[in-house]
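As you go down the protein sequences, you meet chains A and B in turn.
All residue numbers for the first sequence refer to UniProt numbering, where the first residue is 1 and numbers rise by one.
All residue numbers for the second sequence refer to UniProt numbering, where the first residue is 1 and numbers rise by one.
Read the hints as simulated data drawn from the structure, not as lab findings.
Please note that the accuracy of each hint is not assured.
Only part of the chain B face toward chain A is listed, based on derived beta-carbon distances under 8 Å [as the list claims (entries may be wrong)]:
id	residue
1	Q153
2	L154
3	M157
4	R171
5	V172
6	P175
7	P254
8	Q257
C-beta: ideal position from N, C-alpha, C; glycine also.
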Amino acid sequence: MNIAVRDTDTVAPPAGLRFEGAPFFLPEAKSAPLPAPAAREAAAPSGAAFTFKGVRKAFGPKTVLHGLDLHVPAGQFVAVIGKSGCGKSTLLRLLTGLDAPTAGTLEIASTERRADITRVMFQEPRLLPWARVAANVAVGLSHMRDRREKHAAALSLLAQVGLSDRAGEWPAVLSGGQRQRVALARALASRPRILALDEPLGALDALTRIEMQMLLERIWLKQGFTAVLVTHDVAEAVALADRVVLIEDGAIALDVEVPLPRPRRRGSPELARLEGIILEQLLGAPA
Amino acid sequence: MSAPLRRTVEGGAGWVLPVLLLVGWEAAARLGEIPPTILPAPSDVAAALWKLTVSGDIFKHIGVSAWRALVGFAIGGAIGFALGLANGISGISRAASDTTLQMVRNIPHLALIPLVILWFGIDEEAKLFLVALGVFFPIYINTLHGIRTVDPQLIEMGRIYGMSRLELFARVILPGALPSIFVGLRYALGIMWLTLIVAETISASSGLGYMAMQAREFLLIDVVVLSILIYALLGKLADSAARLLERAFLTWHPAFQPQ
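Isolated chain B, as found in the complex (with noise of 0.2 Å):
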């Protein structure tokens, strides 16, 4: 066999079971052995994306939900980066403020929900609060570890070679840092996204949850079916544009060199 002939058929090969899946799902469906009540067909799902495509809804919500995710994201990640650069490099600031964010970290974001909706009732600033809260400590975490753990050997030379505090921050310590940071933002974008889905179940009057939840007060289950895959779609498309910036600026790293 080719080399590129066998990479298309093990390409090929990690679609087989999930087309399996589906036909049999589809099949299941119009046998009656699966209740429409319980999950409809992929084709009522796939009908109901056309009917929420033409009517403009479904935009609408993906919009509202993209929105809350990266305004949350920006808020949280830019203050736990930013916490985490300083706590990194000063030990005052380290001193001064990291035993009191690792006690919050221990409180499940999840649970101030109910405070939450208090404060803010249940408009944007519920849910931008939640995600940034969310997204801040796999952030923080992953730049403060980056940082801390820079080679000191590097470090001693750059201040052998005379670099400037700027320079060794920005030559040694912040490249050194840079593949914890990226572990903590793909962690940070999987929760940025349950977070969202949490928050705008429980109370919401637009995005995708809101879109689910009111889906269920009128059965439409293939609606809500529909709901939980854009969401996953979503999901999947944040880690995968984590990826390429990974990919884009750790090309020096030795896992990313091309074999």
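Okay, chain A solo, but in the shape it has when bound (with noise of 0.2 Å):
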């Protein structure tokens, strides 16, 4: 009876266990169509497509984007790298609506405000040092009027991120995993439809970096918004998202699907494959 039933676990893991445990062989993995179609259906309508329609972009004389022009679905997983200056920050500066473009429009198909449905998470945490925890994610929560109310919705957010104990904490206190973590309940709580992340991994230790890969993708997996990571980081580009945009000197040089099945494996050939394919464009020559 216990065997029959320890069988069933392995057999059809519970929705919430899937990232835990990694795949072990890679060939069940890889004939896996897509890994996990109930999970993005559902979610999918809370995500929001937008389009880039030759936007250019000037600080000055300087122009960073020379008409780029990017369509992402909604609820895709994209990533954006380029060399450092390359106008790949601009570009979610331009999405999130804290710079407007020199030239060319940005459609977001949804008919709220931008402002409602962006959400950005930047290399630093920008946490109040002043706000205990919860306070500090109670800031993305201004739709709420009621305090209360207030306190238990961040205390469910910190629970998604695996913080729940760390509620009445100064941030002063917490690593820097623990305070970025911090920063996406902050973002994920006003449940926005695009979240744009800026280099937000980037400052952690290699391991804590991994661990925030997963719990990032778990999340995206679980809500389904529209995803724009920028970062300088290839493995952890072609790890995470479904697409992968090269942005070389203010345009796109390269854009190429990753239809990888999820969870995927860190160190596994495919991703390593795509990952020279990628490496070779950025530096110009065979990696």
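Two chains, two separate frames, one set of hints: put the complex together.
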């Protein structure tokens, strides 16, 4: 009886546990066409599509983006990579409305105000040092009025990022990875339809980084928002994204799909092959 | 040695030198090494304190001095704080007034005493004016500096998260400026007593400074020393109060985290 129950567990693991255990044998993972279609479809309506049409952005005499065209469908996880100064952060600032394009248009397929549906996560956590962790998360809950309701919502968001026991702490006592998780909880608080990630894991150590990548992937699969991850780490891009866009000199130089099933096993040959192709383009010579 | 015992010993170690000094002073005065016209023995100062306590004079003088200090501080501090806020937030306000204020700041406020006596006589207004003027600048400069140095990334974050201007001020800018404002507060408290001592010593008909000057006329050196000690005590008291406030308002600050 016991054995039978355990057997069914291994055949059909509960959805929430899917990413705790990475697949050990590649063939099976490869044969699955799309790993979590049910989760993706159920959450799909919460993402918003957006389109850059001939977007140019100049700061004074310096043109950062030269006529950028990019369409991202709802719910896609797109990684934007490029050398420093290539305009990838500018792209995010335009997307989130922090800057306006000099020429061209940016369309977001939503009737709501852009400020309400886009959220951004920065390289720095940008937490208020004088507010407790839960209060920092509540900054993202400006749509709620009731104080107690806000606090309860903040606690459940913290639980999502695995920090429910730190709700009453000051940010100063948290580690870098924990602070970034609080920032993620804050960004997710208003259920954004587009989440812009500006190298949010860049300052973390390698192990914390992989943990955060897995957390990010899990939450994205559950909520289905459109994710735009700016990163300089090609391995991170191919491990997380559906699609990798390489920007060079303010224009798109490479746009590749990453049709690998999830969860992706770090260090698999497919990821390495894709990473090689992108690095080759990025460095202008065989890597 | 157990930890509490070590703490007691370490805490007590700081008191060894003052006690030795006091005992040495008393002994030197009693043996005639220090003539009583230069410095009275500590026991004489204590006797003077007792006498003035019994007659109630000391409370009257301390009360008058404390009132002047607090009212002057409230006036100067409030104006400095308001202008610091205004100039920290609004570029127009800063452009209009900051240069002028920085020029006025370079006038030592105690140099105005002759002018102030001409304007206000030796009444209360003269002292309040001087204390307010002295307190104004540290509060103004540190409030302005605190607001101008709030992390711009946090302000951008607040904007992205849809904070209104008022929310942004109350939740990001003011708390961010608070450590610097407290520096200004403690500095201003020091200036407050200093100004008051000078003003009361030069022209007054009540207060601690007046008590000291009158005692000098009658060669009551014990009372002079007493009033100096009371000034020191009041200054220490004000600083401790400021530190308590700081501790209460800046619990989030890494400098105030329990280890």
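Which hints from the list above does the structure break, by number from lowest to highest?
-> none
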